[in-house]
Amino acid sequence: MADAQNKRSALEHEDSLEEARRELKELKTKVEKAEDVKSRLILESLEEDEAKKEAQEEMLACMKQQESLKEEFTQNMKEVQTELQKLSRRKQDLLEELRRCQEELKAKREESCSLKETFTIRAHIPEAEVRFVAPEEESSEESPCGDQLIRGVFTIIQRSGFPLKGGQALLTFEEEKVAAQILRIPRCQVSCDDKSVHVKPRRVALDSSVKFQVNLNVSRTHLKVFGVPAALPEQRTKDRLEVSFSRPSRGGGEVKSVEYEPTTGEGLVTFLHPGVAERLALRGTYDIHLDSGVEVKVGPSYDYELQKFQTFCGTTTRTVLLDDIIDVEDEEDLQDHLEIHFQKPSNNGGEIECIRYISKGKALRAFFCEDTQDV
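Going letter by letter, the sequence shown gives residues 1 to 375 in the UniProt record's numbering.
Don't read these hints as lab results, they were simulated from the structure. Bear in mind that the values here come from a model prediction, so they are computed numbers and not experimental data. Hints are not guaranteed to be accurate.
Lysine to aspartate or glutamate pairs mimicking EDC-like chemistry, simulated, CA-CA at most 16 Å apart [as the list claims (entries may be wrong)]: (1) Lys224 / Glu259; (2) Lys344 / Asp239; (3) Lys38 / Glu48; (4) Lys238 / Asp207; (5) Lys224 / Asp207; (6) Lys360 / Glu332; (7) Lys195 / Asp330; (8) Lys165 / Asp327; (9) Lys360 / Asp303; (10) Lys308 / Glu278; (11) Lys238 / Glu254; (12) Lys224 / Asp287; (13) Lys238 / Asp287; (14) Lys362 / Asp327; (15) Lys224 / Asp291; (16) Lys224 / Glu266; (17) Lys177 / Glu351; (18) Lys238 / Asp291; (19) Lys360 / Asp333; (20) Lys195 / Glu305; (21) Lys256 / Asp239; (22) Lys165 / Asp323; (23) Lys195 / Asp336; (24) Lys362 / Glu339; (25) Lys200 / Asp327; (26) Lys256 / Glu242; (27) Lys200 / Glu339; (28) Lys165 / Asp324; (29) Lys52 / Glu332; (30) Lys211 / Glu351; (31) Lys195 / Asp333; (32) Lys224 / Glu174; (33) Lys224 / Asp303; (34) Lys362 / Glu331; (35) Lys297 / Asp287.
Just the calculated beta-carbon pair ranges, DEER-fashion [what the hints assert, rightly or not]: (36) Lys116 / Glu329: 32 to 42 Å; (37) Lys91 / Asp333: 53 to 63 Å; (38) Gln92 / Cys313: 38 to 48 Å; (39) Leu268 / Gly314: 37 to 47 Å; (40) Lys91 / Gly314: 44 to 54 Å.
Where a beta carbon is used, it is the ideal one built from N, C-alpha and C, also for glycine.
Can you build the whole structure from these sequences, using the hints too?
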């Protein structure tokens, strides 16, 4: 009985040892696996540390590059801003120069228009009837080509002008002494019904004027031709012109010579007898035959000379300028009141030959004659 128990205890003990051996073996296996996992994790950790280190180094390099690029960008921005400021200043300088040039151009144009208006000569030459008495004997020195001339002498006188502005009036008295009396008064009070106007008499300074003589000589045998087409050679064109202007049926006559300039299409026909050129010049056009019929313009041949050119300027002796006039009434009524006031001897006035007043906002130009300086 006791042996059986001992044997059973021995078997149980052996089973426990076997179970312990299996557990130990399993634990060793697990430890080995754990060691493998640990080694792998350590290796991965080392690799990650290396990658992290490389990433950090790369990040530091990128940060340094970023700082460098930032500094370069900042420097470039400063340079660009500096250049923009220079360009802006240059632009302002150019705009200022442009504005100044435009103002100078405007002033020059105004001056040019003023000078053009001042020195523009508009002369109406009246028609005059003439009667032929006898031909004038001319020496060979005066007319070496034997040409008979129609001579004219014209005297051109530019009327003096004065710009009359709004709120001003011009009074021309019949006597100089009356104008002199008015000019000695610093301010005149003019009654206008229930109102009064104070005006300032001033002397009228005229713009510069010119006077000259024009000597005009018109040929009776020469005729100018314009607009001749260059359809033929020069010599053939001359021949055709001579033939065309020689036909009496067309109003022509015997031709002495022909001159022709192909580049301008102009020519000069010289007739043997006077009078033909005059008749044709009055027509203005003439039909010639080149390759075909062509109408050309014709005109007189003349030369002129300016002589006795004189310039002068001055002030009027019988005309007075009234300035600083306020429009208390309409233009016509106020002009009547001014005329009545300055006609009275009690106001140092006298007989008025002419008066012209314009209200504010208007302007005109008054002209004076040379002989009496009337408006």
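Now for the hints, and whether the structure bears them out:
1. Using a Cα cut-off of 16 Å, the hinted pair Lys224 and Glu259 holds, with the two alpha carbons roughly 10 Å apart.
2. Taken as a hint, the Lys344 and Asp239 pair is broken in the structure, with Cα atoms around 79 Å apart against an allowance of 16 Å.
3. Of the pairs offered as hints, the one joining Lys38 and Glu48 holds, with about 15 Å between alpha carbons and a cut-off of 16 Å not exceeded.
4. Of the pairs offered as hints, the one joining Lys238 and Asp207 is violated, with about 52 Å between alpha carbons and a cut-off of 16 Å exceeded.
5. Simply put, Lys224 and Asp207 have alpha-carbon atoms about 39 Å apart, too far for the 16 Å limit, and the pair is violated.
6. For the hint pairing Lys360 with Glu332, the CA-to-CA distance comes to about 13 Å; that is within 16 Å, so the pair holds.
7. Restraint check for Lys195 and Asp330: the C-alpha separation of about 13 Å stays at or below 16 Å, so the hint holds.
8. Restraint check for Lys165 and Asp327: the C-alpha separation of about 13 Å stays at or below 16 Å, so the hint holds.
9. Simply put, Lys360 and Asp303 have alpha-carbon atoms about 48 Å apart, too far for the 16 Å limit, and the pair is violated.
10. Of the supplied pair hints, the one linking Lys308 and Glu278 is violated, its CA atoms being roughly 29 Å apart against a limit of 16 Å.
11. Taking the CA atoms of Lys238 and Glu254, the gap is about 14 Å. The hint holds against a cut of 16 Å.
12. Pair hint Lys224 plus Asp287 holds up; C-alpha atoms about 14 Å apart against a cutoff of 16 Å.
13. Restraint check for Lys238 and Asp287: the C-alpha separation of about 15 Å stays at or below 16 Å, so the hint holds.
14. At roughly 12 Å between alpha-carbon atoms, Lys362 and Asp327 fall within 16 Å of each other, so this suggested pair holds.
15. The hinted pair formed by Lys224 and Asp291 fails the criterion: a straight-line CA distance of about 21 Å is larger than 16 Å.
16. Between Lys224 and Glu266 the alpha-carbon distance is near 7 Å, which keeps this suggested pair within the 16 Å criterion.
17. Simply put, Lys177 and Glu351 have alpha-carbon atoms about 11 Å apart, close enough for the 16 Å limit, and the pair holds.
18. Between Lys238 and Asp291, the direct Cα distance comes to roughly 13 Å. Compliance with the 16 Å bound is thereby established for this hinted pair.
19. The suggested pairing of Lys360 with Asp333 holds, with an alpha-carbon distance near 14 Å, which does not exceed 16 Å.
20. Our distance criterion of 16 Å between C-alpha atoms is broken by Lys195 and Glu305, whose separation comes to about 59 Å.
21. For the hint linking Lys256 to Asp239, the alpha-carbon distance of about 12 Å falls within 16 Å, and the restraint holds.
22. Of the pairs offered as hints, the one joining Lys165 and Asp323 holds, with about 9 Å between alpha carbons and a cut-off of 16 Å not exceeded.
23. Proposed proximity of Lys195 and Asp336 is supported: the alpha carbons are some 14 Å apart, at most 16 Å.
24. This hinted pair does not check out: Lys362 and Glu339 have alpha carbons roughly 20 Å apart, beyond 16 Å.
25. Of the pairs offered as hints, the one joining Lys200 and Asp327 holds, with about 15 Å between alpha carbons and a cut-off of 16 Å not exceeded.
26. Pair hint Lys256 plus Glu242 holds up; C-alpha atoms about 9 Å apart against a cutoff of 16 Å.
27. Restraint check for Lys200 and Glu339: the C-alpha separation of about 15 Å stays at or below 16 Å, so the hint holds.
28. The hinted pair formed by Lys165 and Asp324 meets the criterion: a straight-line CA distance of about 10 Å does not exceed 16 Å.
29. For the given pair, Lys52 sits about 105 Å from Glu332 by alpha-carbon distance, which is inconsistent with the 16 Å threshold.
30. For the given pair, Lys211 sits about 31 Å from Glu351 by alpha-carbon distance, which is inconsistent with the 16 Å threshold.
31. Simply put, Lys195 and Asp333 have alpha-carbon atoms about 13 Å apart, close enough for the 16 Å limit, and the pair holds.
32. Taken as a hint, the Lys224 and Glu174 pair is broken in the structure, with Cα atoms around 52 Å apart against an allowance of 16 Å.
33. Between the alpha carbons of Lys224 and Asp303 the distance comes to roughly 12 Å, so the proposed pair stays at or under 16 Å and holds.
34. This hinted pair checks out: Lys362 and Glu331 have alpha carbons roughly 11 Å apart, not beyond 16 Å.
35. Under the criterion of a C-alpha separation no larger than 16 Å, the hint pairing Lys297 with Asp287 is consistent with the structure, at around 9 Å.
36. For the pair Lys116 and Glu329, the beta carbons lie near 37 Å from each other, so the given range of 32 to 42 Å is met.
37. Take Lys91 and Asp333: their Cβ atoms lie about 57 Å apart, and the range 53 to 63 Å holds.
38. The hinted range of 38 to 48 Å is satisfied by Gln92 and Cys313, whose Cβ atoms lie roughly 44 Å apart.
39. Taking 37 to 47 Å as the suggested C-beta distance range, the pair Leu268 and Gly314 conforms, at roughly 45 Å.
40. In this structure, Lys91 and Gly314 meet the distance hint of 44 to 54 Å, their C-beta atoms being roughly 51 Å apart.
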